[in-house]
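Q: Residue-level listing of the chains:
Protein chains: 2
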Amino acid sequence: MITGFTYCTPTKLYFGKGCVKDLPAVMGKYGKNVLLTYGGGSVKKTGLYDKVRELLKDFNVIELPGIEPNPKYDPSVVTGAKLCKEHGIDVILAVGGGSVLDCSKAISVCAKYDGEGWDLISGKVKAKEALPVVDIITLAATGSEYDSGCVISCTAINDKRGYVDDILFPAASFLDPEYTYSVNKWQTACGTADAMNHVLEQFFASPCSEFNDGLMISALRSLMTNVKTALERPDDYAARSELMYVCTLACNGILSNGAGSSGWPMHSIEHALSAYFDITHGAGLAIITPRWMKEILCDRTAERFVTLGRSLFGFGGGLTDREIAEKVIDAFYGFFESIGIPMHLEPLGVKAEKIEEMADHILANDDTSRDWMYAPLDKAALIRILTASM
Amino acid sequence: MITGFTYCTPTKLYFGKGCVKDLPAVMGKYGKNVLLTYGGGSVKKTGLYDKVRELLKDFNVIELPGIEPNPKYDPSVVTGAKLCKEHGIDVILAVGGGSVLDCSKAISVCAKYDGEGWDLISGKVKAKEALPVVDIITLAATGSEYDSGCVISCTAINDKRGYVDDILFPAASFLDPEYTYSVNKWQTACGTADAMNHVLEQFFASPCSEFNDGLMISALRSLMTNVKTALERPDDYAARSELMYVCTLACNGILSNGAGSSGWPMHSIEHALSAYFDITHGAGLAIITPRWMKEILCDRTAERFVTLGRSLFGFGGGLTDREIAEKVIDAFYGFFESIGIPMHLEPLGVKAEKIEEMADHILANDDTSRDWMYAPLDKAALIRILTASM
Numbered sequence: 332m333i334t335g336f337t338y339c340t341p342t343k344l345y346f347g348k349g350c351v352k353d354l355p356a357v358m359g360k361y362g363k364n365v366l367l368t369y370g371g372g373s374v375k376k377t378g379l380y381d382k383v384r385e386l387l388k389d390f391n392v393i394e395l396p397g398i399e400p401n402p403k404y405d406p407s408v409v410t411g412a413k414l415c416k417e418h419g420i421d422v423i424l425a426v427g428g429g430s431v432l433d434c435s436k437a438i439s440v441c442a443k444y445d446g447e448g449w450d451l452i453s454g455k456v457k458a459k460e461a462l463p464v465v466d467i468i469t470l471a472a473t474g475s476e477y478d479s480g481c482v483i484s485c486t487a488i489n490d491k492r493g494y495v496d497d498i499l500f501p502a503a504s505f506l507d508p509e510y511t512y513s514v515n516k517w518q519t520a521c522g523t524a525d526a527m528n529h530v531l532e533q534f535f536a537s538p539c540s541e542f543n544d545g546l547m548i549s550a551l552r553s554l555m556t557n558v559k560t561a562l563e564r565p566d567d568y569a570a571r572s573e574l575m576y577v578c579t580l581a582c583n584g585i586l587s588n589g590a591g592s593s594g595w596p597m598h599s600i601e602h603a604l605s606a607y608f609d610i611t612h613g614a615g616l617a618i619i620t621p622r623w624m625k626e627i628l629c630d631r632t633a634e635r636f637v638t639l640g641r642s643l644f645g646f647g648g649g650l651t652d653r654e655i656a657e658k659v660i661d662a663f664y665g666f667f668e669s670i671g672i673p674m675h676l677e678p679l680g681v682k683a684e685k686i687e688e689m690a691d692h693i694l695a696n697d698d699t700s701r702d703w704m705y706a707p708l709d710k711a712a713l714i715r716i717l718t719a720s721m
Numbered sequence: 332m333i334t335g336f337t338y339c340t341p342t343k344l345y346f347g348k349g350c351v352k353d354l355p356a357v358m359g360k361y362g363k364n365v366l367l368t369y370g371g372g373s374v375k376k377t378g379l380y381d382k383v384r385e386l387l388k389d390f391n392v393i394e395l396p397g398i399e400p401n402p403k404y405d406p407s408v409v410t411g412a413k414l415c416k417e418h419g420i421d422v423i424l425a426v427g428g429g430s431v432l433d434c435s436k437a438i439s440v441c442a443k444y445d446g447e448g449w450d451l452i453s454g455k456v457k458a459k460e461a462l463p464v465v466d467i468i469t470l471a472a473t474g475s476e477y478d479s480g481c482v483i484s485c486t487a488i489n490d491k492r493g494y495v496d497d498i499l500f501p502a503a504s505f506l507d508p509e510y511t512y513s514v515n516k517w518q519t520a521c522g523t524a525d526a527m528n529h530v531l532e533q534f535f536a537s538p539c540s541e542f543n544d545g546l547m548i549s550a551l552r553s554l555m556t557n558v559k560t561a562l563e564r565p566d567d568y569a570a571r572s573e574l575m576y577v578c579t580l581a582c583n584g585i586l587s588n589g590a591g592s593s594g595w596p597m598h599s600i601e602h603a604l605s606a607y608f609d610i611t612h613g614a615g616l617a618i619i620t621p622r623w624m625k626e627i628l629c630d631r632t633a634e635r636f637v638t639l640g641r642s643l644f645g646f647g648g649g650l651t652d653r654e655i656a657e658k659v660i661d662a663f664y665g666f667f668e669s670i671g672i673p674m675h676l677e678p679l680g681v682k683a684e685k686i687e688e689m690a691d692h693i694l695a696n697d698d699t700s701r702d703w704m705y706a707p708l709d710k711a712a713l714i715r716i717l718t719a720s721m
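Protein chains in written order, with our numbering: chain G, 332 to 721; chain X, 332 to 721.
These are calculated hints, taken from the structure and not from any lab test.
Hints are not guaranteed to be accurate.
It does not matter which identical chain is meant; a pair holds if it fits inside one copy or across any two.
With a cut-off of at most 20 Å between alpha-carbon atoms, the simulated DMTMM-like pairs for lysine to aspartate or glutamate come out as follows [to be verified]:
| no. | residue 1 | residue 2 |
| --- | --- | --- |
| 1 | LYS388 | ASP353 |
| 2 | LYS559 | GLU541 |
| 3 | LYS343 | ASP497 |
Please build the complete structure, drawing on both the sequences and the hints.
A: Have a look at this one:
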């Protein structure tokens, strides 16, 4: 069954080897004054920075380098918005992964707002205007290149916010899988885990449809197969291109239009973890996934596990639904471990004494306990999930 | 492997029970003067016409009723374009199936062009401007509500043209599955066959990817399961909603981005058939499908059949690839027959003596014989397919 929904993604995708050749024509539609944003400098090592500067030789380019993972409102967003105002920026070009793009999306609205930018990001004030954002993605992971959201941390108040508004869709996204060849094993694994979790957050919902289930299972299968190849052969175009494209669609909604909403509980938990301990998002999600699954498994939810078990893993035979579900949970745990993600939070620096505080933080800031969630989580459940993940 | 592509669908989808409540707000964005287009009057019988007139009570509405199946350039497109110019139309509202919408798309460009409209449709002149088109779809079939194409017949020259341009994307599409409850068995079956063929045209291509294959097989499975339910219980929301949504995505490209192009050979053949004999598009496609499959089956193409056979039909066991392929062809033949489509062209009024002329017409007007096609068809092959379909 497909229930009511609205859907529109105005972003234009440019995909494939050499696609950035079209960058000047696309940027030129918006103006001459460009804010170029990027991260810690890997784009300089790979040569992409030089290529972009060459492509933008007829534009006035102001730079905002050094955008951090889990991008921060202050200094990155604040500084970027100030640069846009000072230099009359027409369009932002984000070159990098999801963090650089998310930061640029936040800049795009703050640059057009005279008040305190965090009021937009935290949902207190609705943004009316935004600068256009174009991106060149160098990491297959968040899907920010094809969605209307960004995740921004405000360290002053230990907060990490998902901010979603149609105004945040990028104008155009350039996706050349060759730019992901240099992504190391850790980031390749964490990026894939992030996208897998995006699919799973959508999969555990009700009502659902056989069609959407098929799309999501195809996405999971492609991610799980191709990450193995990419870890073995980082320059395998076939594997890198599937990872890149599936990650792009995984957070967009197109895989689950008209299905019920799960409420994205694993993201709520992970956002608290990385707000408190700045851990890698995809790793946090991978660690939480099997513990969250174990917490919500019951007679009502078993059908979702059984569908995954039969279609994705080929489980069946003489097993009961509950046995299939438990095998599915073990299979995800084993899979994440097999791609090199340590399946415990403590080695990533998370401290057990903060668990209760994080649980309170999640309940206060997110919807995890609401009745409309696919599987509401109260404080005790959040503590169980976090404790089991340590 | 995902090869190079660009993709953008700016159309906004409004889906689900009661979604047309948003119609006035959407139409209001474009202006007050509306050309309302519809077909043979079924929208009056179902009450949708009255509902739409009520929703548009604050607009100036000019009507173009009576748009025919396989819509004609003259009189429908010509008359519609004239009405738009005379009445300063701001936006076109198409209410009906793919024929009404296709005609409206053609009107939207001809209304903004001072020369001969057929020059735009036949590709001689590129359209620079179009009126916005909004639609309310009452038949799950063509997917025109989410694509940038239209198919228009010019009876004076026995031509039926597929015209594709980004300018033709609808601004918004309203999809309420309840409006398809009254679609009769024949149109339900033919609409589903049309969408199945859209998927198969994309599936038979090279290179391909496991991810895209999964999307397309999920679409085929949903169509084949849900049409059976809808034929038994016309007011089954779950079945009608899946049919409607899958048909919407089936012609849009999202199911096969980055796959090679097949060249849509079955559509080329069917367009000749309905240009000469005005048969129902979906029926023509269903009849051609297994004959086309039989014609192109060879060692190189067997893999596509085997993937379909294993994933969609569960064929395998001790069978050879060739045996699986032949079972797949039989399975599609049997499926179309089982939903009530007569699997021969003669009962639909097609005359065998026109086969050679149609083959020449296809070769002259379409790409079926080009080297870049997935499986190029020469005149002899076209004659074999048409003869076997009689």
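Q: Report the numbers of all earlier hints that the structure fails to satisfy, in ascending order.
A: none
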